[in-house]
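Whole structure, please, built from the sequences with the hints as guidance.
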Amino acid sequence: MNEVRTRFAPSPTGWLHIGGVRTALFEILFAHHHGGEAILRIDDTDQDRLVPDAISGLIEDLSWVGLHFDEGPSNEEIPLDANGRASGMGIGGPFQPYTQSLRLHRYREIAEQLIGLGCAYRCDCTPERLQEERAEQAARKDPLGYSGFCRDRHVSSQVPHVVRFKIPQDRSMVLADAVKGDVRWDPIILRDPVLLKSDGFPTYHLATVADDHDMRISHVLRADEWLSTAPLHLLLYETLGWDAPVFAHLPPVLGTDGKKLSKRHGATFLRTFREAGYLPEAILNFMALIGWSPGDGEEEEIFSLAELTRRFTLERVNNAGGVFSYEKLKWMNGVYIRSLSAPDLQARLRPFLISANLPIDEDKLGRIIPHIQPRLELLPDAVPLVAFLFTDRIERDMSAMLKKGMDAGTASAICTKAAEQLASLPAFDAASIEAALRRVAEESGAKSGPVFAVVRIAVTGKTVTPPLFESIFALGRQQSVHRLNETVDILKIG
RNA sequence: GGCGCUAUCGUCUAACGGUUAGGACAGAGCCCUCUCAAGGCUUAAAUACGGGUUCGAUUCCCGUUAGCGCUACCA
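According to our numbering, the stretch in the first sequence is residues -4 to 489, in order.
Hints should not be assumed to be uniformly reliable.
As the list claims (entries may be wrong) - The calculated PhoX-like cross-link candidates involving lysine-lysine, where the alpha carbons are at most 20 Å apart (straight line), are: (1) K487 x K412; (2) K399 x K457; (3) K399 x K442; (4) K487 x K398; (5) K442 x K398; (6) K161 x K192; (7) K323 x K254; (8) K325 x K258; (9) K323 x K255; (10) K255 x K175; (11) K398 x K457; (12) K323 x K258.
FYI, nobody ran anything at the bench for these hints, they're computed from the structure.
Structural data, given as structure tokens:
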């Protein structure tokens, strides 16, 4: 295989969609598997749908999730933000610019060439005319689409117009798709599609074919929904005398109802997953497994990006669409959280604890990290588990404490004894704390379970916490004893 | 409507004509256990339907059904 070059060409119409992440991931996995390059191109040909700052947002999202392209928009191409600041996230490369709105002259040149060849023509039909045409077709129950009214009218270049591609009659086409296999259209049914819009911008079809050719793209990996327009693209390559790249149409990522994943299924923007506390590594690993699998009877499914790159082939890409399972992503996120080093987890947790308004004490946090680690599915799950460490006043669920045969007198005695024991411990560590509390249980004559439950609520305020002894150790002797005594007072009043 | 794509447990998928149809998530049960997790073990659960081809079809072919996509001066 010659040099492999793939491209990911999102439209800057908003945040990066999770489905886009899967496409971008496959572009990179495939290119890098073959030692080639993955190119990031900005498809901003629809001026009406542009969203300010979307380009830098897209690049930032891609970078956060760990998808790094080899070529892409340079710093100069990326618009300044609202404050006039540069994003500094440019990539650059030998085929600059990588932003389609900056390549308009090229598309116009090709459109002119096509007109000269007699393969395209100017059309000045108004939207109203087109609308009427469609209404008539609908009334007659004919197939909808442009009639070709302007095909031979030789519309002047001086009037507002679009440029349409002249679809040859009675042509058939076969696409040797790298994942779908041979797909044939016989005959091709296309209605003279617009190549150049009246605002001078190209449509997707022209722009993508021109750029893929100019940028030496060898493999076009793209979503399934493009399959029906593939014959048009093939035709364009053919009439322009260019070699077409290899196409690979990727199966769609679906919502639980089997329709394309969209907002009503839940989060769809990568940004949202980031804010919800998902790890980039987990997201990539999970997305790789929708529409691709290692096969060969491999039963492992936790793969690093490097491992995915090593294993990825188009042959193993699935044909059928796959439902995006939030449940499984969550599970996998937990797997990745558990695999983090303690300092790494602590660092990743920090922003979430801060946004929950917890005044973090790094030492205390460090002590509890290993014990909350297996209890997290999402990063913010840590908040309720560690909050007791960072506040002076805790709310205690007293009704939970005095449940199941536990009366105030007994509870009070337990807290008193526990406070005494903890205060007099020669060494204040988890093992010693455990020994002390077991002694308290023994002396009180109650079972250790209920005793620990009382202490747990007394010290943390909650019924669900990290392991008790480690929690007390993390909190520190002084505060723990204080909270125990506080509880005795509360029980007295109550 | 037309054209195209797709079809294995609820979900993601494995099985490149011969398997007791395997794994993972979710579910159930048990073990471990100071709560909650994590972990270990066990369990239930699928080849859409109908025809072919073949000694033999999840696998190849055809049809049916269902779902999805496209049918724009959106991508």
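Right, here's what the structure says about each hint:
no., hint, verdict
1, K487 x K412, "holds (15 Å)"
2, K399 x K457, "holds (16 Å)"
3, K399 x K442, "holds (12 Å)"
4, K487 x K398, "holds (17 Å)"
5, K442 x K398, "holds (14 Å)"
6, K161 x K192, "holds (15 Å)"
7, K323 x K254, "holds (19 Å)"
8, K325 x K258, "holds (18 Å)"
9, K323 x K255, "holds (18 Å)"
10, K255 x K175, "holds (19 Å)"
11, K398 x K457, "holds (14 Å)"
12, K323 x K258, "holds (19 Å)"
Violated hints: none; the structure is consistent with every hint.
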